[in-house]
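As a plain string of letters, each chain reads:
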Amino acid sequence: MNDHGTKRWILIIGSLSILLMVCALLALRLGSTRLSTAQIFDALFHDRDSVTASIILGIRLPRVILAIAVGGALSVAGTLLQGLFRNPLVEPYTLGISGGASLGVCMAILMGLPALMGVTAYPLAGFAGAGIVIVLVYGLGLRTGRLQPNTMLLIGVMISFVSSSLVMLLMAVSEQDDLSNIVFWIMGSLDEPSPVLIRLVLAGSIAGLIIALFHSLALNAMVLGDDEAALLGIHTARARKILFVTASLLTGLSVSAGGIIMFVGLIVPHFMRMVAGSDHRILIISSFLAGAGFLTFCDIVARMVIAPLELPVGVITGIIGGVVFIYVLSQKKVAL
Amino acid sequence: MTDPFLDIAALSCGYGSQVVLRDITFSVQKGEIVTIIGPNGCGKTTLLKTLPGLIPALAGRVTMQGQDLNTMPRPLRAQTIAMVMQTLESIHMTVEEYVLLGRLPHFTAWQFLENQTDRQLAESFMTFTHIDHLRRSPLSCISSGERQLAGIAKALVQEPILLLMDEPTSHLDISHQAQIMNRVKTMKDRYGLTVVMVQHDLNLASEYSDKVLLLDKQTQTVFTYGTPDTVITRDNIRAVYHTDVVVASNPHSGRPGIFIKTDL
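These protein sequence lines map, in sequence, to chains A and B.
Going letter by letter, the first sequence gives residues 1 to 336 in the numbering used here.
Going letter by letter, the second sequence gives residues 1 to 264 in the numbering used here.
Looking at chain B on its own, in the form it has when it is part of the complex:
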């Protein structure tokens, strides 16, 4: 087996003295889509933000292609890792200006204006995410779903090799959900982009992920890690979410799908 692209070793996350997650160990191969799932408040977002060092790790280390992310120079980190935040504040900035900000890490030391490449990339990713007609609209005047699409366009414009996404589909309707996830898959297939994301929707996680990381709130660590088939099972869901569900395979893809049991 080759060296993993992203290696997380004995990572502890939290805020100061408050430990949220401990002893997290898993690795991601290049070009994989890995989804972090788990109950509310189990630390999914904390873990995702700890990976690029937005929240300092309490212990352990994260290495990407053999390089410790803690000691990676800031500009290099910005050129290789992009992140889509869960919520984007509604600020007074046009969609185009916002998407172009994703080019900042690639600016040369004395560059003041965007060059031709920057503009072309912004253009193509705004088209890719179907927001090119909104380019002149301020972020404060578009829907939260459209803002999420803009956030994804900005992250892709950054030309990362690792894309982190915090619930990228939370504000989207089902057509946009499918669209975004299909785009992410296309990016992975076409450019070998590696994706780590947090997802609440277990069915989306199952459908699009190569691996799923299930976090347990009680033990504050990884419950299990593996392919959707092995992770999304009735027993695992009951153990972590304390909910009884029916798991059946999706007739189209054969991947596990979750059905809620009502109390009848």
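Just chain A, same shape as in the assembly:
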């Protein structure tokens, strides 16, 4: 890292931040009522009682904040897991966390919990499901006090299969109303009515980012392998545990608030590795910013395409992300 490198980092962080702000501003402006930038600033800083203000503060801003929090969290989780497992195909959902969350939500819907407790039943059930999977993968992956990456991956993949089979089984026997609820939740949406939950996800997401950055140097060393990292003074067993739990909680939190939003955690880290390089210090920051911007953008598309109806944002991220990624890969001459 020389002066040239420092300038490059500042440039990357700066341009990604601007991109994120542009996406956020667009998301605040676009919708059934189009607003000007002036109106938005007015509503945010001066007149908090107008109709525009209630649209901005009550509907659009929480959604933008959730998109930033979830997009950032999923991308950071993906970056951490790809580094930890030294495998570019790993993503937050590979470890079965999303499967556990969907199964939890599915069971909650079938048991009629939403009717009993209101909408908070979804995130609670989702987080419970995700939590059980995290404990399972962590517990079963722990051998003689160390986490075994390959064992954990296999267990995660198997849990994914089992839980998606169970979800399908439950869907097959559920009633029409429940079925559409389940499908809609699984496909992912950023329409989250609880401001408490949004704040919680945002706080968790930023906390996760900070923990990840704190361990970014250790991650850089761990990419070389456990022996090399240990020789550089890294407590690999401990770092792996902390980072795995961090990535899992980020994923669990995102899934319970936004449902299953595909591809963000896989594609954003890849893109950023091409743009920013493999140094986790810059990779983690840029993944957070890019993931937040990408999800905010996809959510605009999801809201606008067939307005006033809404498409599930998870479908949009999959289509846009997947197509763009295949295009970039086909243009790239060297292998990853």
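No lab work stands behind these hints: they were computed from the structure.
Please read all numbers here as calculations on a predicted model, not as lab measurements.
One thing to keep in mind: the hints can contain errors.
Chain B side only, calculated, beta carbon under 7 Å to chain A, not exhaustive [what the hints assert, rightly or not]:
1. Leu-54
2. Pro-56
3. Arg-74
4. His-92
5. Glu-97
6. Leu-101
Derived coverage of chain B by chain A (criterion: at least 3 residues anywhere in the stretch with Cβ under 8 Å from a Cβ of chain A; other residues may be distant) [what the hints assert, rightly or not]:
7. 75–84
8. 102–115
The beta-carbon is built from N, C-alpha and C at its ideal position, and this holds for glycine as well.
Once you have looked at the hints, place chain B on chain A.
Same frame as chain A, but now just chain B:
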């Protein structure tokens, strides 16, 4: 005689219940180059990895300057011991980023970026190992010999007092072999660096080492330890490697050299 710099006492190495080496005892003086030789599978790499505790010792102890390496704090160990691995995985990281990782043990608690010293050291050791022109190349795009040079640069950037090397010249052509070994000797002469390495090439071992440790696969322990003259002899080689060779002295250095006998 002064206290040895590195003292290995009754060390047993292995993996769990599988013992590879037992009762290894030898000591290394400061500024010596010691080479571990022995047949394939006799446990050379296992021994080398057991010294800094990468593989937990089954019995015995390793002390450096009087301090037990087992109880030495992790950060201090990383600041004093560096190791060059035999193979370096081809990962997507530039040579410069990789070499700079060697500065990690010297980072202060809240340091996030490399400082001027870190960059200068990386710069000078990349020049020292002749890889400065590759600084922006990913490790996955350079030859295995160049990767080995990068591994050595990274280890030297760590500013160790003990350097462990696992077959540092295995992927190198003869000019790079000589270059690397001459560099190691320079480091030893200039900074009093102590080096323990594993070497397959008996002639390189003989030429550059102050002491040679010959391991025997059958008895799973040290066959003999001493200067190249006393260790690399026809009888010792035949006993350990089961191969008949001719030993003659190198006309330039006077050290023993090995010649293979063909079945004619």
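To see whether the hints hold, each was checked on the structure:
no.	hint	result
1	Leu-54	holds (5 Å)
2	Pro-56	violated (11 Å)
3	Arg-74	holds (5 Å)
4	His-92	holds (5 Å)
5	Glu-97	holds (6 Å)
6	Leu-101	holds (6 Å)
7	75–84	holds (count 7)
8	102–115	holds (count 7)
Comparing the model with each numbered hint stated earlier shows that hint 2 is the single one that does not hold.
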